[in-house]
Amino acid sequence: MKVNGSALVYTGLAAIAIAALSFVALKPTATAETRDFSAVVDMRDGDMRKLNFHSAPKEVSQNSFITEDGGEATLGDYKGKVVLLNFWATWCAPCRHEMPMLSELQSELSGADFEVVTLATGRNMVPAMQKFFDEIGVDNLPLHRDPKQAVAREMAVFGLPATIIMDRDGKEIARLQGDADWSSENARAILSAVIAMGNS
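Residue numbers (the numbering used here): 18 to 217.
Calculated from the structure, these hints are not laboratory results. Bear in mind the structure is a predicted one, so any value in this text is a computation, not a measurement. One or more hints might be untrue.
Only pairs whose alpha carbons sit at most 20 angstroms apart, straight line, appear in this in silico SDA-like list of lysine to any residue [said to hold, decoys possible]:
#, residue 1, residue 2
1, Lys67, Asp198
2, Lys96, Asp198
3, Lys67, Lys96
4, Lys75, Met214
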């Protein structure tokens with residue numbers, strides 16, 4: 018069987034194109050999947066030793082929650098910035114101890130790249146939530162609610178407080194169970210490093 022030169026040329030070009038596409042598909046990209054947090058892990062001290070970074074980012078719940086103005090939102094609405102997501106409740110004594118520190122962190126680091134998001138999970142009445150914040154002098158954190166625990170359950174939050182760090186892709190990269198001093202220099206340094214990594 019005779020094969021003309023044009024057919025050979027087209028066959029060769031097709032093979033090159035397939036090889037090129039395979040190379041692009043296999044080439045790693047600078048995403049959260051490949052980001053190395055080992056240097057940040059080594060920074061942990063004091064309360065931050067309880068902060069566990071995951072070996073790979075985890076998906077977060079896409080269930081909606083009730084915003085402080087009565088609307089609805091999802092965690093996906095925060096994509097583009099690093100988020101410190103805190104699950105709490107009005108009956109939670111450690112939450113009362115921790116919340117002013119989260120408020121201080123919000124005052125110092127919040128902006129286009131970072132935000133503290135507080136989400137009261139379970140049966141928390143709005144007046145009780147407002148009273149909780151008033152009594153501890155917090156006025157810069159949101160009174161968002163997860164009344165049916167839809168977000169908390171999907172993210173396996175079974176004890177309070179629980180604090181999760183979400184990267185700019187909207188994925189969970191670290192979690193701390195229990196209260197912690199989020200206003201400490203070490204906490205600020207760790208979060209600043211995570212924010213900087215997202216900018217690189």
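(request) Quickly compare the C-alpha distance for Lys96 and Asp198 to 20 angstroms and report which way the hint goes. (result) 25 angstroms, violated
(request) Starting from Lys67, check that the Cα of Asp198 is at most 20 angstroms away, please. (result) OK: Lys67 and Asp198 at ~11 angstroms, within 20 angstroms.
(request) Sort out whether Met214 lies within 20 angstroms of Lys75, counting only the CA atoms. (result) 18 angstroms, holds
(request) Quickly compare the C-alpha distance for Lys67 and Lys96 to 20 angstroms and report which way the hint goes. (result) Not OK: Lys67 and Lys96 at ~25 angstroms, beyond 20 angstroms, violated.
Comparing the model with each numbered hint stated earlier shows that hints 2 and 3 do not hold.
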